[in-house]
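Chains as they are written, first to last, in the numbering used here: chain F, 1 to 282; chain Z, 283 to 789; chain P, 790 to 1087.
Keep in mind the hints are simulated off the structure, nothing from the lab.
Among the hints, erroneous ones may be present.
[As the list claims (entries may be wrong)] With the C-beta cut set under 10 Å, the calculated list includes, among others, these residues of chain F facing chain P:
(1) A36
(2) F108
(3) T129
(4) V130
(5) T160
(6) V183
(7) R187
(8) L189
(9) G190
(10) P199
(11) L204
(12) L210
(13) T224
All residues carry an ideal CB built from backbone N, CA and C; glycine is no exception.
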Amino acid sequence: MAADIGATETTHGARKVGRYVLLVFVAIVVLFPIYATLMQALKSGPDSIDHPKSLLPINLTLDTMRAAWRIGDLGRLLVNSLFVSIVVTIGVIVTSVLAAYAFAFLDFPGKGLLFAFFLATLLVPAELTVVVNQRTISSLGWINSYQGLIVPLLATTFGTFLVRQVFLTVPKDLREAAALDGVGHFRFLGEVAVPLCRPTLGALALFTFLGTWNQYLWPSAIITDDEHRTIQIGLERLKTGDVDKLNLVTAGTVIAALPIFIVLIAFQRQLVRGLTAGAVKG
Amino acid sequence: MKRVAPLTLAALVLMGCGSGESIITAGREPPVVTQPPAPTLAPGETLPVGETLPPAPTTIAPTTTAALLDTLPDCPTDALASVTTPVELTMWLGLTGPLADQMRQLADAYNASQSKVHVTMIEASYQQTIDKYLQSNQENRPDLVQMPEYMVQTMVDSRTAVPAEACIKSSGYDTSAFLPTLLDAFATQGVNWSMPFNISNPVLFYNKKMFTAAGLDPEKPPVSLDDMRADSQALVSSGAATYGVALDSNFDSGGGWYIEQWFAKAGEFYADNQNGRAARATKVLYNNDTGVSLLTFLQSMLNDGLAVNVGDNTSGFDNLLKLGDKDAPAAMTIATSAAIGPVLAVLKSGQFPQFTGDDLGIAPMPGPGGKPGALVGGASLWIVDSGDDARTAAAWDFTTYLTSAQVQSQWASETGYLPVRTDAQTLDPLQTTWATDPRFKVPYDQLQAAPDVPTSVGPVVGPLLEVRTVTAQGVAAIFGGADVASTLADSASKADALIADYNSRNG
Amino acid sequence: MKRRWRQFPVAIGMLAPSAIILGVFVVYPLIHSIQLGHLRCDATGTRCRDGGWIQYVDVFRSNEFQHALFNTIGLALMTVPIGLVLGIGLAVLADRHLRGIGFFRTVFSSTVATSVAVASLIFFVLLQPEVGLLPHLFHGLFPVLKDPGLLRDPNTAMPAVALSSIWASLGFTFIVITAALQGIPRELYESAFVDGAGGWTRFTNVTLPMLGPTILFTSVVLTTRAFQAYAEIALLTGGGPDPERPTQTVAYLIYGQNSLVKNDIGLKSTSAVLLFLVLLVLAFVQFRGLDKRVHYGS
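Kindly produce the complete structure, drawing on both the sequences and the hints.
What follows is the structure in structure tokens.
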């Protein structure tokens, strides 16, 4: 681990304890809001609003989450969201890596213009695009369809830029040496560039998956049937007026966030593994 | 292209900072149309409810002297008879959650009861439904849509609806059982546009226990604003409550809608041209003595500690919560009748040991001079012009089902909304519900008590929601201590600008 | 010259997928909106009149837009620097081969799992100190209520929103910086150590410069998020306590529940395009400003 260079000093005694203390403290601060939400979801309706006892891990039950699952038909919603998120994630990785390679390693006329074009799209507010895209999708007949949900999300400037930033740190001599060896662009891409930025690609995959999973604006604009509904817009159904079921939405939100947490934990392992695999040899 | 950014920066800087103008005046002035002005009513002049002024004279010679109704889409209610396959209807709701579920149950019952029409309901919030509706074109629009009361003028100007009156006339539908106020509420310029469906109005929520403790009669809640002040004085002086009344400045209640309510109770118009019903409204009228004295009255109650301001109240419940506050409770507040059921449910759950369900009193909303009546809140059903006679007729058929006495009795009983017709209260389940707990009947009686005069029907203004918003901001400033007259004048001029802008675009 | 054109076909092939999708679903709406931005339309958007290109100037200079811009800049000034510092700090803190460090990394990344709406909801609940508060009764969007206090005081409302926003974006910044930290070649640290540089000096002379492009990137993303802040405003304050409305951001001005421009697609487009232009300028400023410190390759 690169920053380990100071490890010979810091892994001893007080410094190490100090670091752990700091880590624990920050972890508590960051986790507290999530913990509070989890408690709300794991309690019965009346218990969840009985502050401040609502924060104590007592009287926990899965009933609220079971109810949320049933009422909101969350099973189907999860499958829909999963399918859409996975397809979009794969699509974004592919389009981003290709575009980033072109920007980082190739030189061609109009490059600056195209780069600015990409940059500009990063800044366009989502609500602005939704209204017009709704009409476009409608005229394609893709309302209430998977392709309507997926296609507009298949490319993001965010992804292109993220990967480009990493590609730019590849030393020029590496590329030149490969060119001298007769290595073509796609081979260089596959054998050198991509393995180099694996942690970043992992991050991009995670973000894209998350972003798609949490999408609300776009699905609510084009999905009105039950078959294609995704989980975020489906949670609306859990908003009841009943006193006894106030934390139903919270429970539904926790269920909706569970797959994300699983992905997150898996990603962490990848990141650690990426440490040894991604280092550039001098 | 990289030069675009610094150029933009330079341009933005050159544009300079504030112009002092409102955003709605942006763009070139609308072209001035050289036409004689549309007739407006002179101050003080009134027409009976439902009558209109003659249409504006134009330079184009009219080809006929047809009434406004004839220029609107017609409603061939007999088209349903010749239908062989079931007509598929889509209805967009503004209700969500359990209310939407109940609507779906009604739709299922209707679908099961006959084979000519099949209704599918799509739920969304009012805001989502409104936005989606306005953005759609004729292919995407639903056949029926539930629109809140402030959308009347906008729906009229959208030129997408079939007026209910056309259907009533064409089918000979008997509307005598409907509360006249309700039908008038959704009519403008002589045409009845939509059928009322889920209706509520604001009522007084008060704590009977506190009244008793203050030496007041718990069965005699205040009727006029002065009574409300006197009772607050008694409550605060005796220590029964910290505050007499909880006020708020939300656009949908204390800061906007209630101002309209109080003007109606005072027998005054809120907007010109008879609240926009005789002809298109061009400005608000609340910047007058009535408005100033009303807000000065409320401000002085706050200054004297007899009332408390709970602020924006965006959740809609902060003022009700103040009644249950353990440390500094208020004894009274004004809230929508739709909250009666939920509040009772919460009180019964024992969340507030000091305030039980039986302690809650419901009374008509106090107003200037104690005059009765209230404006209609809630939503109505609009039939959308699909161009297809069969669907229009089917939509009307479903509308008559939803507004039938039995369905209204069931709906009102389950939801706490008011029945839209007088014959619903003699049917079960509503009859039993009201007999068991007469508090639910209070808002209905309040509506019925409204005198049959033009001021009893609230304003119809295009940008009503926006007008309420700027008014609410003014009220918030006033509750914070600002000078009443100048703030009210400022809000009124903002509202006038909004209306003028709306008329220039939608007229 | 020839060399530039030689790579052209490959470049086009690689860029085509992204360019087409972005072109149809982002650039086309933008152009269409620019076109709409000089019109004033009725509620359905079918009858429009020409407001002239001066409309863009008028909207930019209007009271409501300037007020919202001021508020939004304030939000960005709170969320971006703090978000960056915290993100980098946490990433460096967790950048050690300690036992159980994976757990801490997961914790620090976890906020990225919450959507903006959920994060705002969580903070909504947290920002109410009172015990025994009444639960949501009827229409309330979420089963919690707005508390008198941080969110209702005009002075603390925006900082409270900023707090929620910083927390929600913390995971994102942490992940991006951590990934970038992995890419810093070990030899750089080794040679710095050999040169006698201490921990802090190694951080400023090696870590920060190598993180340069990523910091720039994160800064642009966080700024964009701050300027497009809508969901958190809608859920926490609804535009801010009246009458000052200190949390009315530009995005909320345009798309909020009681927006004055909502029912005029022309005016709405003008405002949205202006928002985009402001973001464009900000991105440019950040690229220029931080570009000098950015270290590419070696």
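Outcome of the hint check:
1. Hint on A36(F) holds. Least Cβ distance to chain P is approximately 6 Å, under the 10 Å limit.
2. Because the smallest distance between the Cβ of F108(F) and any Cβ of chain P comes to about 4 Å, under 10 Å, the interface hint for this residue holds.
3. For T129(F), the shortest C-beta to C-beta distance to chain P is roughly 4 Å, which falls under 10 Å, so the interface hint holds.
4. At a threshold of 10 Å, the smallest CB-CB gap from V130(F) to chain P is about 8 Å, leaving the interface hint in force.
5. Taken as an interface hint, T160(F) checks out: its beta carbon lies about 6 Å from the nearest beta carbon of chain P, inside 10 Å.
6. A cut of 10 Å between beta carbons decides the hint on V183(F): the least distance to chain P is about 13 Å, and the hint is violated.
7. For R187(F), the suggested interface contact is broken, since its CB lies about 12 Å from the closest CB of chain P, more than 10 Å.
8. Annotation: L189(F) was flagged as interfacial toward chain P, and the flag holds, the nearest CB pair being 9 Å apart, inside 10 Å.
9. For G190(F), the interface hint is violated, the least distance from its beta-carbon to any beta-carbon of chain P being 13 Å, above 10 Å.
10. Taking 10 Å as the C-beta contact cut-off toward chain P, the hint placing P199(F) at the interface holds, the least distance being around 4 Å.
11. Satisfaction of the interface hint for L204(F) is found here, the shortest Cβ-Cβ separation to chain P being roughly 9 Å, below the 10 Å cut-off.
12. About 6 Å separates the beta-carbon of L210(F) from the nearest beta-carbon of chain P, less than 10 Å, and the hint is met.
13. With its C-beta approaching chain P no nearer than about 20 Å, T224(F) sits outside the 10 Å limit, and its interface hint is violated.
Checked against the numbered hints listed earlier, the structure breaks hints 6, 7, 9, 13; every other hint is satisfied.
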